[in-house]
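Chains as they are written, first to last, in this note's numbering: chain H, 729 to 1054; chain G, 33 to 286.
Read the hints as simulated data drawn from the structure, not as lab findings.
By construction, the Cβ of each residue, glycine as well, lies at the ideal position given by its N, Cα and C atoms.
Be aware that a few hints might be false.
[As the list claims (entries may be wrong)] Not the full set, but computed from the structure, chain G residues with beta-carbon under 10 Å of chain H:
no.	residue
1	ALA47
2	TRP50
3	ALA131
4	ARG237
5	PHE258
[To be verified] Taking lysine-lysine pairs in the DSSO-like style, the calculated list, with each CA pair at most 27 Å apart, reads:
no.	chain 1	residue 1	chain 2	residue 2
6	H	LYS853	G	LYS286
7	G	LYS54	H	LYS841
8	G	LYS121	G	LYS286
9	H	LYS992	H	LYS1004
10	G	LYS286	G	LYS60
11	H	LYS756	H	LYS992
12	H	LYS841	G	LYS286
13	H	LYS1024	H	LYS1004
14	H	LYS1024	G	LYS126
15	H	LYS951	H	LYS853
16	G	LYS60	G	LYS126
17	H	LYS853	H	LYS841
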Amino acid sequence: MAIIETRRLTKTFGRIQAVRGIDLDIEKGEIFGLLGPNGAGKTTTIGMLCTIVRPTSGTALIDGHDVGREPGEVRRSVGIVFQDPTLDTVLTGRENLALHAMLYGVPSGLRRKRMDELLELVDLKDRADDITRTYSGGMRRRLELARGLLHRPAVLFLDEPTLGLDPQTRARTWEYIRRMARNEKTTVVLTTHYMEEAEQVCDRVGIIDHGRIIALDTPERLKQQLGGYMVVLRAKDPPLGTIRALPYVSEVKESDGTLEIAVKEAHLHLPDLLSKVPNVECVETRVPTLNDVFIKLTGRDIREQDPGEDLGGWVESVARYRQRGK
Amino acid sequence: MPDGRFGRELLGTYAVWWRELKVFQREKSRVVSSVASPLMWLFLFGGGVGSAISLGGGSYQSFIYPGVLVMAVLFSSVFFGLYIVWDRKLDVLKAVLVAPVSRVSIFFGKVLGGCTDVMIQAMLLSCFAALFPGVNLWMIPVALGILFITSIAMVSLGLAIGSMFESLEGFQVVSTFLVFPLFFLSGALYPVGDNLPGWLQVLVRLNPLTYSVDGVRGALLGLNSFPIIADIGAVALFGVLMILLGSWLFSRMK
């Protein structure tokens, strides 16, 4: 049985349809990525799955508990790491963990052991008794990951876990996420803008746009849909129509004289392709990325969106939920 | 180890309380300043006015000592409650609010945390009681009891108001139009007998803090206008109302 099961999960805010009937089955132990541009409905979807946002219609079961009818059970079964940092910066790392262990009802005999295990796992043992105000951004994120896992949740939700971190710290944070998912055997559901990072860490991804899941598969299979390779070339006045009509070309994107062409079996067809394009200035081939998949599906580049716009997402969702009264 | 739903809620309340104690331990400067200000009222203000007048057959400083205790409790309690606006701004509360603990339990943890802070200050201030002639030192525990109920009521009121505010700009408004009037109209600095003009008399009697001041003054100096038991009843009733209001607003808070 799937650990997360949603059927026609829908959320509307007034006239805005944020999430339009999502059917999703996430298996136990998976690292699942929910990818999409801002306003696509990622944060709202996660919000509904951890009972912060009340669904307008449809159902969602987490580990067999209905988010609408058993919110208490669901909250106990999930861990959440918000997009914006929520550590208590007056407390030490260990005290932050202790506070949450109590709030989540971790039995007192287990608390110390769990805290030590997780501090070890995120390499914060040496700094555990320092006030978290003195932590770097990466350390704070790691402590939040540890905090989210204290009560051994069946599912850990991560909303943009690497937003606002520098590239090196981002890479390390993903490493920790993978390590924790493996050690704790936890199902991880995450959202991210960073497509390259998502395809390295996720077992499966769902691409969400305008509140609907438009693709759902392993990163490899999604990329295979595009064909084998991306041929990137620069040329003066390229004959776009001719290129699109070629049988081995599945997708063409042009921007400022640079063409990105998805080509099946590029090693066979590259000579033929080049013979069709006069005045080639330069050419290179690369493996397609999830971002190429996204462009093919939506006609847009996920990176064209400003990640800053989404920052208030959680706050808004919480606000809307509370307005409805619980 | 508590078991079942009630046990979990109790542990949640304890967790929030424990957090507040940690914060209090780390911000010792807050304690110093919260004790310093009442002492200034007692010695700088009370000393000056007391040189010109005396009240109730004793010194003016002794007369306002109970009032200043209540004032200290009032200010610290309300501002502790209002402080959740800041907690929310810093997202400290967000992670707490998604935990599987009811809002009411979290509210009680906050109230207990605030009362602990405030009562530590009140105890520090009660150490100065011996300096004021006429104060019955044996009655300090009774006075502290009344101050404790007052503190519960005022922290709840602060939390109630804090739950409604989105920004810190409201602080000044609350301070000017709520906290100071409550203080001035409580009889902390003057007797509330028939000497008062009628309109002031009405406002003073409507103010729940009047009964708090009267009770503490009755306990320490024997100068009460109402029976002490009635004072305690009035403050306790106000406390219950504030807990109901506070926990309701806190539960609805965004």
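Which constraints among the numbered hints does this structure fail? Numbers only, ascending. Numbers 4, 5, 6, 10, 11, 12, 14, 15 - these are the hints that the structure violates, sorted from lowest upward.
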